[in-house]
Amino acid sequence: MELMPDDTLNITSLSVKPEIKILLVDDREDNLFSIETVLEQDGYRFTRANSGRQVLKILLKEQDFSLILMDVQMPDLNGFETASLIYEREKLRHIPIIFITANNYNEDNVYRGYKTGAVDYIYKPLNPELLKAKVSVFTELYKKNHQLLAQEQKLKAINNELEERVKQRTEELVKKNVELEGKNQELKKTNTDLDNFVYTASHDLKGPIANLEGLISILHNKIEPNIDKQEAKLFELIQVSISKFNNTIKDLTEITKVQKDLEAEVEAVSFQEIIDDIKSDIQQLVSVSQVVIHEDFQVSEMEYAKKNLRSILYNLLTNGIKYRASERIPEIKICTYLEDGFTVLSVQDNGLGLSPTQQSKLFNMFKRLHTHVEGSGIGLYIIKRIIENGGGKIGVESELGKGTTFKVFFKHQLSEI
Amino acid sequence: MKKLNSVLLIDDDPTSCFLTRYIIEEMNVANQIYTAQSGREALDLLHANQGEPAYTIELILLDINMPDMDGFEFLEAFETLPYYLNSSVVMLTTSSNHRDLDKAKTFRVADYLNKPITEEKLIDIVNKLFVG
Numbered sequence: 001m002e003l004m005p006d007d008t009l010n011i012t013s014l015s016v017k018p019e020i021k022i023l024l025v026d027d028r029e030d031n032l033f034s035i036e037t038v039l040e041q042d043g044y045r046f047t048r049a050n051s052g053r054q055v056l057k058i059l060l061k062e063q064d065f066s067l068i069l070m071d072v073q074m075p076d077l078n079g080f081e082t083a084s085l086i087y088e089r090e091k092l093r094h095i096p097i098i099f100i101t102a103n104n105y106n107e108d109n110v111y112r113g114y115k116t117g118a119v120d121y122i123y124k125p126l127n128p129e130l131l132k133a134k135v136s137v138f139t140e141l142y143k144k145n146h147q148l149l150a151q152e153q154k155l156k157a158i159n160n161e162l163e164e165r166v167k168q169r170t171e172e173l174v175k176k177n178v179e180l181e182g183k184n185q186e187l188k189k190t191n192t193d194l195d196n197f198v199y200t201a202s203h204d205l206k207g208p209i210a211n212l213e214g215l216i217s218i219l220h221n222k223i224e225p226n227i228d229k230q231e232a233k234l235f236e237l238i239q240v241s242i243s244k245f246n247n248t249i250k251d252l253t254e255i256t257k258v259q260k261d262l263e264a265e266v267e268a269v270s271f272q273e274i275i276d277d278i279k280s281d282i283q284q285l286v287s288v289s290q291v292v293i294h295e296d297f298q299v300s301e302m303e304y305a306k307k308n309l310r311s312i313l314y315n316l317l318t319n320g321i322k323y324r325a326s327e328r329i330p331e332i333k334i335c336t337y338l339e340d341g342f343t344v345l346s347v348q349d350n351g352l353g354l355s356p357t358q359q360s361k362l363f364n365m366f367k368r369l370h371t372h373v374e375g376s377g378i379g380l381y382i383i384k385r386i387i388e389n390g391g392g393k394i395g396v397e398s399e400l401g402k403g404t405t406f407k408v409f410f411k412h413q414l415s416e417i
Numbered sequence: 418m419k420k421l422n423s424v425l426l427i428d429d430d431p432t433s434c435f436l437t438r439y440i441i442e443e444m445n446v447a448n449q450i451y452t453a454q455s456g457r458e459a460l461d462l463l464h465a466n467q468g469e470p471a472y473t474i475e476l477i478l479l480d481i482n483m484p485d486m487d488g489f490e491f492l493e494a495f496e497t498l499p500y501y502l503n504s505s506v507v508m509l510t511t512s513s514n515h516r517d518l519d520k521a522k523t524f525r526v527a528d529y530l531n532k533p534i535t536e537e538k539l540i541d542i543v544n545k546l547f548v549g
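Those protein sequences? They're chains A and B, same order as listed.
Numbering-wise, the first sequence is residues 1 to 417 according to my numbering.
Numbering-wise, the second sequence is residues 418 to 549 according to my numbering.
For the record, the hints were derived by calculation from the structure and aren't laboratory data.
Just so it is clear, CB atoms sit at the ideal spot from N, CA and C, and this is done for glycine as well.
Hints are not guaranteed to be accurate.
Taking lysine-lysine pairs in the BS3-like style, the calculated list, with each CA pair at most 25 angstroms apart, reads [stated by the list, open to error]:
hint	chain 1	residue 1	chain 2	residue 2
1	B	K538	A	K222
2	A	K21	A	K144
3	A	K333	A	K402
4	B	K420	A	K222
5	B	K538	A	K250
6	A	K124	A	K21
7	A	K222	B	K419
8	A	K306	B	K522
9	A	K322	A	K279
10	A	K384	A	K407
11	B	K520	A	K306
12	A	K91	A	K144
13	B	K520	A	K250
14	A	K307	B	K522
15	A	K393	A	K306
16	A	K61	A	K21
17	B	K545	B	K522
18	A	K279	A	K306
19	B	K520	A	K307
20	A	K384	A	K322
21	A	K144	A	K134
22	B	K522	B	K538
23	A	K333	A	K393
24	A	K176	A	K189
25	A	K250	A	K361
26	A	K188	A	K176
27	A	K250	B	K522
28	A	K411	A	K333
29	A	K306	A	K322
30	A	K361	A	K322
31	A	K144	A	K132
32	A	K244	B	K538
33	A	K322	A	K333
Label pairs and their computed distance ranges (CB to CB) [unchecked claim]:
hint	chain 1	residue 1	chain 2	residue 2	range
34	A	D193	B	Y472	47 to 53 angstroms
35	A	P225	B	K545	25 to 31 angstroms
36	A	I282	B	A465	50 to 56 angstroms
37	B	A527	A	D281	23 to 29 angstroms
38	B	A494	A	S287	46 to 52 angstroms
Extracted from the complex, chain A is given alone in its bound form:
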């Protein structure tokens, strides 16, 4: 008997060890007895039948035979006829049949046997060793089949479980997705509500503050001839407060405007053109600070909302000038270039620089890091929002006392030059 490979053994040990059942068919009891005797030691279980009809009866109740050993020459139904009837039933087609036949049986009959599906012949007189060997081959085959079947069933079970799990996961994911979608909608609504609130609030504040400004001004003009130094100082402070209030409201309006302007029209915009425009706008700041501005536009144009690109450049450039170090001539390098599928805008200054803590707070709303410079600290927050809404990102590298570099990564547009 052949040894089974290890893995097969393992599988078998997991399932019920198959019992090898053999159906013996012969009209003569002594033949049945002698076959049984030969095969006895191999531990098979035998079922006997004396005729083709009896075989069919037995096979109605039991189908789990590993092998049928059948005499060909039997009265009424002979072996071949019986085999034909057996193999008519789908359920039984897997049971191999070894025909036991007289040595002198002619070729034609042998052929018939093969046609019905029989798989082998043993010739009389029976050679015990040959019988044992052939039976062993078929029972071995049966065992293997049985194992394969068990394996297949196991795989099917695993498969089913997996499918079930995938199904569950998918359902969970779909549910989560729906939840997320809902949350997203909520957030969007909250955002819009918030913007609307800020817009309305800032708008409603404008009227009263304008009135206050006007009233103070009238009051001031009225009593001006007799005003003393202290009172003049008070008026000045009131003026300062009012203008701070006004600036804050303006910034708040800016934020909501950014949100509303995000869908601004995209066009081909030239970096040089925008920089020149900004420089003419901030002429005074440029001349007072004596800033030296270097430009290197490897990417000269980009598809972007002009107004938004101007805001970005304006903020970065004026920040660079405002936060200059007094002990050296301020220098600002503005470059554009391509990198990793992004159009990069880099604005580098040699100004005050930022500590790591300051850098982490840089893009927060209303965060001013240098108290001596005018400003509300809204600029970077707004441009970050513009940039990120366009699918880009902004980053900062800085060292205290050396300077700061802002890098804006714009999503690469196909039409860029």
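Use these hints to put chain B onto chain A, whose structure you have.
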């Protein structure tokens, strides 16, 4: 400085109205100052006395945000009136709200004034619109 016949001030905010009126009086810009707290009230005023005041009004200072009938709704109605070309309309704003400015361009608006109105602003606008 030129003295106007009459000025119509349309503003729903009493304080703002008081302020503007005060400055107009103080600067002695107009012989007559009419005030209305909404577009509707302004129209009523224009129609009163067979529209007699309407023909003397040279300057209309018009607030945008008002209940009942806002500045734009007033302009829409006003522009259908026969004497609307007699007056210059100056819109009073609290901000350079883009949407409002764009909308104002569709009307015959002479200029804009950012609140609060000050003596300087008033003189500038009168000089710009009525002198030279």
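So which of those numbered hints doesn't the model satisfy?
Hint check: nothing fails, all pass.
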